[in-house]
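Here the sequence shown stands for residues -18 to 72, numbered as in our numbering.
No wet-lab data here; the hints were simulated from the structure. We put the CB at the ideal spot given by N, CA and C, even for glycine. Some clues are possibly wrong.
With beta-carbon atoms standing in for the labels, derived distance ranges [said to hold, decoys possible]:
| hint | residue 1 | residue 2 | range |
| --- | --- | --- | --- |
| 1 | Thr8 | Lys29 | 36 to 42 angstroms |
| 2 | Leu28 | Lys(-9) | 22 to 28 angstroms |
| 3 | His27 | Pro5 | 28 to 34 angstroms |
| 4 | Ser24 | Ala(-4) | 17 to 23 angstroms |
| 5 | Asp4 | His27 | 38 to 44 angstroms |
| 6 | Ile21 | Cys(-8) | 27 to 33 angstroms |
| 7 | Ser24 | Lys(-9) | 23 to 29 angstroms |
In silico DSBU-like links for lysine-lysine, alpha-carbon gap of 30 angstroms or less [claimed, not checked]:
| hint | residue 1 | residue 2 |
| --- | --- | --- |
| 8 | Lys16 | Lys1 |
| 9 | Lys19 | Lys(-6) |
| 10 | Lys29 | Lys1 |
| 11 | Lys19 | Lys1 |
| 12 | Lys29 | Lys(-6) |
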Amino acid sequence: MPIYEYECTKCGKIAEVMQKFSDPPLTECRHCHGKLRKLISMSTFHLKGTGWYVTDYAGKKPHSEKDVSHKKTDGGKTEKTTKPSTTKSED
């Protein structure tokens, strides 16, 4: 069951209440009987372990269409050479 936070508009107290999704929202403060408003708070949900986006896809880069390799020449400069793509054209 989720935990909802409510704040009283009269006394300012904050209450954390465990409620079902089907339960109606609370409307009255139990301390001063003022009006409650539902707060939006950060979730503490965190995916851990294998099989989640963070561990499976985060560091992978998409493959480029051309394979680029670097060759070193006699002068100490690096020269780029591009290998042709291995895709076949349709005739």
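Index of numbered hints that the structure contradicts, given in increasing order: 2, 5, 6 and 12
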